[in-house]
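*Asks:* Here's the letter readout for the chains.
2 protein chains.
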Amino acid sequence: MPELRRNPVTDQWVIIAAERVKRPHDFRVPREERRHTACPFCGGHEEETPPEIWAYRLHGTAKNSPGWWVRTVPNKYPALTIDDLLAEKHQGIYQTMSGVGAHEVIIETPRHLVDFEEHPVEQVEEIIRMWRDRYCDLRKDPRIRYIQIFKNHGLEGGASIEHTHCQLIATPRVPKSIEDELAHGIRPYREETGRCIFCDMVSQEKYARERMVLEAEHFVAFCPHASRFPFETWIIPKRHREDFGAISEYEIKSLAWLLREVIERLARALGNPPYNLIVHTSPVNTAADSGYHWHIEILPRLTRMAGFEFGTDYFINPTPPEMAARYLRESKPPELRPH
Amino acid sequence: MPELRRNPVTDQWVIIAAERVKRPHDFRVPREERRHTACPFCGGHEEETPPEIWAYRLHGTAKNSPGWWVRTVPNKYPALTIDDLLAEKHQGIYQTMSGVGAHEVIIETPRHLVDFEEHPVEQVEEIIRMWRDRYCDLRKDPRIRYIQIFKNHGLEGGASIEHTHCQLIATPRVPKSIEDELAHGIRPYREETGRCIFCDMVSQEKYARERMVLEAEHFVAFCPHASRFPFETWIIPKRHREDFGAISEYEIKSLAWLLREVIERLARALGNPPYNLIVHTSPVNTAADSGYHWHIEILPRLTRMAGFEFGTDYFINPTPPEMAARYLRESKPPELRPH
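Residue numbers (the numbering used here), protein chains in the order written: chain G, 998 to 1336; chain R, 998 to 1336.
Isolated chain G, as found in the complex:
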């Protein structure tokens, strides 16, 4: 029997379509032959990208030369650009703003033939440190209202470049999705109960257990009750933390282990699934404390959004999150894992 479930944070409903239940093997995505072995993101090709913004590199090596292990460069085709005046225009019922912001690429490694889950955990820590450094630098621009850190993996996940990387787009407005979470979920819940809805969600998930995937010292991973996508997984700090930028060294280490493990389990269950990894956090440079609770959403892209989803904003998910979580909990490493 199909079921409609409400996401209490966004007020978005999903249909868990029991007539179409799909298990991991229905989705298994073969790992494609990797095509390129030298690209502009590879070590030794630093001249082929726009000049670097920030890199972790060996002492004494020059900018835009080898010797780095995580490197941030401007996106060659930026969606938003920093060198603009913030101007607004009204024409009848329409409103336009200049596209002020920033669009950066975080190259996770100089090595081409590596996927995220193949990084050593120390490398994942460095990637998260780079997220934090770029986040904290960009928020200094008072025109910026939100900083979206994300990663697209695989063709269906929207990755146009194979070499593993993350991206960061800073926007001059608080995104609608974050405004919706604050307006429909976070603020009304706080007014009613005095508590944070994400904190209560973590408690309820830990108690119910059926959607839990994994726990680390400072974070939990679970498949959300109203998962829009099969095997959708959220990673949430256990203690109330509004702002990703304030992540501590202890939390970075805990998150790096958990995040790498979750992505590895998804890859074990699903082959090489395309996915989007999205950091949700508090707006920046706005007045008061927002009440937000930052977290990461991992969205495997195994189903397609089509007319119904765009028309209604209801997603149809053929894999109940309780089933997805069970597979991810029980996922064991293969005896021999070729590298």
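Everything labelled a hint here was simulated from the structure, so no lab data went into it.
Among these hints, one or two may not hold up.
Same chains, same label: a pair holds when it works inside one copy or across any pair of copies.
Stated by the list, open to error - Here are the computed lysine-lysine pairs in the BS3-like style, where the Cα-Cα straight-line distance is at most 30 Å:
hint: 1; residue 1: K1235; residue 2: K1086
hint: 2; residue 1: K1203; residue 2: K1235
hint: 3; residue 1: K1203; residue 2: K1086
hint: 4; residue 1: K1019; residue 2: K1073
hint: 5; residue 1: K1173; residue 2: K1086
hint: 6; residue 1: K1060; residue 2: K1250
hint: 7; residue 1: K1060; residue 2: K1019
hint: 8; residue 1: K1060; residue 2: K1203
hint: 9; residue 1: K1250; residue 2: K1235
Following the hints, put chain R in place on chain G, whose structure we already have.
*Replies:* For chain R alone, coordinates are given in the frame of chain G:
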């Protein structure tokens, strides 16, 4: 210079990414070899679908036999089903509803090797009549709050079956997207001005002309100012019409011609673009007049939604709608058009 534009109905912003401008030939999608010539949707294969709900057929021919020209059947794997009790359940912060509703497939023709724009205009009229008939039948069920008519074309558009068809899903709740349009755009605008925002949009587009594509007696087609997708095109009734179900015979004829022409022009400009066609209309079985103005949105699926779009609900569109509209206005039929 990139630009942010606000959709005044949904309060959704899009980024028109001038650094990445794409013209029709950047998107051109080759027409794939059609693989099957006999499928469960073909004439003569009526036994392979669930029993038909409604069909336009030759007088004297039996149900579930040949002789039809437009035929509606239940979806074999329904997202929602009609034979359920409407029940609600609360567990802590979560809310669940039974998946009451309907999911039907409208087979547009018994012929396999035909795309929408290849139908004679009289056939498109019949398809629209079938939309209306099924819509008006399903709204009789008082549990239904919205009826979503849509069409997915092409693999990237989410069509799993090649034989040209539309779908209809009836839901027990008003979708979030429609609630958003009513709450953020339609009602506040009416309170402020006393007018319908869609009516004013039609006036403004007809006056500005730069985004207009085509006009028929009762409808206009234009590329919306805050287009989320390259070549996104909306078709709107010129006179204020809340409810799709009340479409008149005159309007059906006018719409059939315009809709077919718009899809044909998209195909001429873009080859065989995947797209979603979505009918937006007023909720049903709710109390008062909603103030909605029904219309059709055609979303060519030439770009991918990825981490940024899911994180922020901002779309990045590399083709300014003014440019898309110019191409669609100037689109001429080729001298020889093989059929």
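*Asks:* Hint by hint, where does the structure go against what was stated? Just the numbers, ascending.
*Replies:* 7 and 8
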